[in-house]
Structures are given as C-alpha cells and as structure tokens.
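Engineer: If you want the building blocks of each chain, they are given just below.
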Amino acid sequence: MPIGAIWQTFLETPLINIMVGLSALTFGSYGLAILVFTVITRALMFPLTLRMLHSMRSLQDIQPQMQEIQKKYSDPRRRNEEIMKLYKEAGVNPLGCLGPQLLQFPIFIALYQVIRITLGNTPEGVLDLSRRLYDVGFIQDAVPLSRTFLGMDLGENGNFFLAALVFAAMWLQQRISTNRSAQAAPSANQAQMTQMMQWMLPLIFSWFVLFSPAGLGVYWFASTAIGLILQWVFVGPGDFTWGSLVPGPFRDALGITLPEPGTGRGSRPRPQPVAAKNSDAESRENDDASSGDERKNGRRGSRQGPRSTRSSSRSSRRRRHHRG
Amino acid sequence: MFHVKHRRLALVGLLAVALIAVGCGGIQQPDGWASPVQIGDRLLVQARSGQLSLIDPSNGQPAWQYPTDDFGDRPFYSTPVRDGDFLYLADYKGRVTRLDISGGHPVVSWVVELDGQLVATPLLRGDSLFVPSEHGDIAVIDAASGGVTRVVRTSDRRIWSSPVANGGSLYVTDLDNGVTLAFDVATGERVWEQSASGPSAADLTLDGSLLLVGAFDRSLHALDVDQGGAEQWAFPGDGWFMARPMVDGQTVYAATMRGSVYAVDRETGAQRWAFTAEDGAEFRAAPALVDGNVVVAARDGRVFALDSSTGNLAWSVDSLADGSLNADPLVDGENIYYVTSKHNLVRVTAGSVQTVPLAAAR
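Residue numbers (the numbering used here), protein chains in the order written: chain G, 162 to 485; chain S, 15 to 376.
So that you can see chain G by itself, here it is in the shape it has in the complex:
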C-alpha cells in the first residue's frame, strides 16, 4: 500500500468523518467540533501526558546528580554511560516528554489537511469531500460546513489574534515547565537552551498558525490551554507566579516580591552546590576510574530538600530490589 494511501485511509479519511460527524452533533458549528475534538484527543492522550509530566518532574529531580556527573567525568562516552545509568535508576525516560508532542504532531498535520478538505479552500475541494465521506446519513447531510466561529473564518489563513493567543499560551506553558530553579542551573549552555526553547517553540508554532487555516489555530490554542490546566493541576505551577511576568523594574515599583525558588507547589529545590571541581586531568581520570558506586553513594548522600513521595518510593523499591 503506498504511503499516501496509508495516510488517507487510516488517518485523514477517518478524521474527516469524525470532524464532519462532530460538526453535525455540535449544532452545525465546525468551531465547536474542533473544540470537542481537542478535548477528546487530550483525554485519549491523558495517560501519556501524565507520564510526561511525571517524567518532567523526575528530570528536574536528578538535575544535581546530572551536573555532578558532567563535572566528574571528562570522557564523553563514560559520561553518557553514567547519565544513562542515572536515568535508569531514577526511572526517567528522557524521551518520555516527547511522547504526547510526537503523537500530537501527526494529528496536527492531519488536522491541517482535514480542515482544508472539509472547509474546501477551492470549489473542487468542496465536491471532493463527497467521496471522502462514509455512507452515513447524518455525516452526508452535515455538508457544507459552517466556516465561521466567533467571528473567524476557520478556513482563512493569517489570523494574527489567534497566532498571538497561541504564542501567549505556549510561552506560558514553557515558562511554567522550565521553572526558575531549572533556569538557575549552573550550566550556562543549559540555561541558554532553556531560554531559547521558551521563546523559539511558541514563535515557531504561532508562525505556523499564522500561515494555516484559523481552525488549526483554534485546535492548537485549545490543546495548549488544556495542557496548561493539566500541568497546573497535576504538577503545580512550580516557581511560577503571575508577578514574575511583570518586568523587574516595574515589579520593584509595584512592590511585587517573588517567592524563593523551590518553595512553590510542584517546584523543585534549587540545585545544591556540588563538591569542588577537580582541578587537574589526572584527578578526573582517577574519578573516571572509580566505579559508579561512588557516584551512587554521593548522590544518595547529597540529595537534599523535599522529594516527591512517588519518586522516593520508586527509588526505595529499586534499592530493595538490588539488595534482594
């Protein structure tokens, strides 16, 4: 089966029928159909999203140990091995955060096509819909679909308001995900990367939304908003406060004080300063030569601050398992 046929048969055509069917069920409003579809997809992906959120927390948990390893081992191969061990022991899958994003991406692309097909950006497109619809009465009768929703033409490109909304929602999500503790990480590269991601990802997506049908923007904004709510409810806002959105000078003038990093709900403790860096290569090599047990002991001993019950119990289980 050619790949185009696979895409059409298993993703595009079912999605077209789902969207047209939802439109019929939501009083002929395609905008409402998109919102309902967003809620359904987020609900289906909820277990994966939850795993991602926990993975995010765990990753933040092991930041001090990661930094310790990076300083301790100069050999990149050995360093990677130790990091992988650390991931394994902490039960962290570094790619786990990508799961829901990767899953959403084909949906996003398919929805892009589906909105174009269902709303028919050309007269031929409207007629082509006929052979994509299943032979179900209420689906057949739902066409043509209503293109307008809250004053927007869902099939039109170039909706700046929607692009701005998507940017704001994604920026806020990134801001909450990478709390100030993480931003305060001693690694300059990491901090820079975090800063870049916080701006780049929302910029890329809002640019994409700007040059796509408004219906896609509605989906992405709603999906991001649901993600934000889930994050707030299940992980907490971390160190984020609304006051932190106010620029520094105005913050002082308005008398807004920010809480200490690590004190917010769901926040992680600020990484503790690690032991003095070894100054010469020889001592590094010695460290490299020493086994991972030393690191393990150091990590266990050096962990400070509150830990989530889930991750401590998981570590305890592992320890018991190793002993057994």
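The hints are simulated quantities; they were obtained by calculation from the structure and are not laboratory data. Note that the structure is predicted; figures quoted are calculated from it, not measured. Keep in mind that a hint or two might mislead.
Unchecked claim - Computed list of lysine to any residue pairs in SDA-like fashion (alpha-carbon distance at most 25 Å, straight line):
#, chain 1, residue 1, chain 2, residue 2
1, S, 356, G, 307
2, S, 356, G, 282
3, S, 107, G, 277
4, S, 356, G, 293
5, G, 249, G, 264
6, S, 107, G, 264
7, S, 107, S, 124
8, S, 107, G, 232
9, S, 107, G, 318
10, S, 107, G, 313
11, S, 107, G, 283
12, S, 107, G, 166
13, S, 356, G, 166
Once you have looked at the hints, place chain S on chain G.
Structural biologist: Only chain S this time, still in chain G's reference frame:
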C-alpha cells in the same frame, strides 16, 4: 540490543517523516470547470486554467486566446455567456469582462472588479447581467456600459448555482443556508423564500413553473414558482445532487455524486428507473440527451449512455483522459464535448462510441 532499538527508532522516525511529508503535500489549487461554448463551428474552451481559447474542434488549433497574460490564479468556474458578438466572462477572483468578438479577435469592452469570488455562471436578462458571488450578493451590471446598477443582497452565504429567470422573477439558491429565493428582476426586491430545498450548488432548471433544485441533502426538490416556491415533491437519492437536472417531456433526469442516475416523473416525483454505476462513479456534470439516450459522464472519465425510457445501458466509454470531469458537456449534433480538469477537450461520438482527444490549444 541497543543498535536494534536505535534502528527501530530510526525506522519509526523515517515513517513518521514520510507520513508527515505526505500529509503536508497536495494542497489543491483552483482549476475551474467552465463548460465549452459553441461559436459558429468553433468551440470556446478553458484550455489552461484562467485562459480561454477559441479552437477548431477538428484539429485543436486556436483562433485566439484570452487573456494572454496574468491568468494563472483566475480560473473560470462559470461558463462564458454569449450574446451575439459579445461574450461575458466571470473569473474566480471576481473580474467580469465583456469581450467584443465581432472582428474575429477579442476586444475588451469593459472590465468590472467585483467583491467576492465568482463560481456561478451569470445570467443575462435583457440589458442586465446578473452575477452571483460567494459573498451572497448578486451584482446587476448594465451589459452595455459595464456599470454596476444594483447589488442584490441575498445572504452572506455562497452562491454557486447559476440563477434562472421567468417573467419578472429571478430564482437563486445558496450553498450554505439551503434557501431558494425569488427576486423581482426590476427592483431587486425579495418575492419569496423557500428553505425546504436544502443546500445547493447545482445549476437550477426551470421548466414552466417547476423549479428543480438538486441539493446536498441528497434530494431533488421540485418547487412551484407560481405558488410562492411551495414544494411540489422531493425525490430522495443516494447522494448529493450536484449536476443540473434535465427535463425531457414528462421526465426529469438527475444524477448524484454517488454514481446514480434517476428518471423521475415530472408531475409526481415518482421514480421511473434508476441506474447505478459501479466502482465509485461520481456524476458532477449535467446529463445530456443524445439520440434518445441519457448520456452521463462520471468524474473519473467514464461515460454512460442510458436508454431514456428504460435506463438500460446502451453504451459506455471506459476512460476519456487524465484529470476529472466536472464541467457540463456541450452537445453538438451527435458529438458530445467534455473539458477535463486538466483542460483537455474530449469529444465523444455517441453512435460509434469513440473518444477523440483533441489537441489542446496551448
């Protein structure tokens, strides 16, 4: 183990990238589906998207082309309207043009830029050209001067079907609201409104006082225009009615986009016969009556000739050419001309069941 895992990941990644590439591609561009028009012994066809050519059907050679530049994004969905030595063209981007072809070459008389995309074929009535748009307006243009004398507001919904007129009234349907409207030609005032007909993109057929509306609600509606648009009957089909219905005597012929052709009693709407083509045929082009056969062309290029009294298959042609058949045919004696979506002109000779692809005027 590690490598196997990575290979799998790479494969999944590749598959995802390929799927996404497929998903991102294939954005459709408007091509237009204007039908051919006969001018003497020549045919005016949309030989390229947005460009009309007057060609000799015997060899495909063009006598002239219009426009000669800046036409790529201005396809013609509406069929050119001919009135003696004048041609009225309405392109998709809202430009309406009158051409004087009396000298053997097109000379522009006037050009009007309208607000809104144009799909419906305009109606020339007396000195006025009625041009419906996708904004739901009907612009009334003075045919001689090109001045817009009036804009009749129907709704804010798309009008794709060509309006028809009878006496002092003009009838039009819309695609989104599913309303059939009657207007006074002289004043533009609304005479009546009928919402039973369903969303319609099909060109209307007016036979006496019977207005036939093929609709997306999978029904063919017959409205009595003398009774305020009261529905006389509705015939349920198996799919959308996109093709303009045809009336011959006491029988109405209509085709659906699910591959069925129906013969229906004009007075009662009772079915006389039905024919369903296999393998997902879609009928978008209007049926034509040739030599006692109802000839219908499917989107995929198959042509079926059905005995008009029984519905039995008289003959068929497998595939005409590449591209799809969306435009209504032009019947010239025993020849039926079709223009494909790839802008090829095709002639089907009913008696000998031959297809003769003509050289496109490029």
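Engineer: Now look at each hint and say whether the structure bears it out.
Structural biologist: For each hint, the structure was consulted:
no.: 1; hint: 356/S with 307/G; in the structure: violated (30 Å)
no.: 2; hint: 356/S with 282/G; in the structure: holds (19 Å)
no.: 3; hint: 107/S with 277/G; in the structure: holds (19 Å)
no.: 4; hint: 356/S with 293/G; in the structure: holds (21 Å)
no.: 5; hint: 249/G with 264/G; in the structure: holds (24 Å)
no.: 6; hint: 107/S with 264/G; in the structure: violated (39 Å)
no.: 7; hint: 107/S with 124/S; in the structure: holds (16 Å)
no.: 8; hint: 107/S with 232/G; in the structure: violated (65 Å)
no.: 9; hint: 107/S with 318/G; in the structure: holds (17 Å)
no.: 10; hint: 107/S with 313/G; in the structure: holds (21 Å)
no.: 11; hint: 107/S with 283/G; in the structure: holds (12 Å)
no.: 12; hint: 107/S with 166/G; in the structure: violated (33 Å)
no.: 13; hint: 356/S with 166/G; in the structure: holds (22 Å)
Consistency note: the structure conflicts with the earlier hints numbered 1, 6, 8 and 12.
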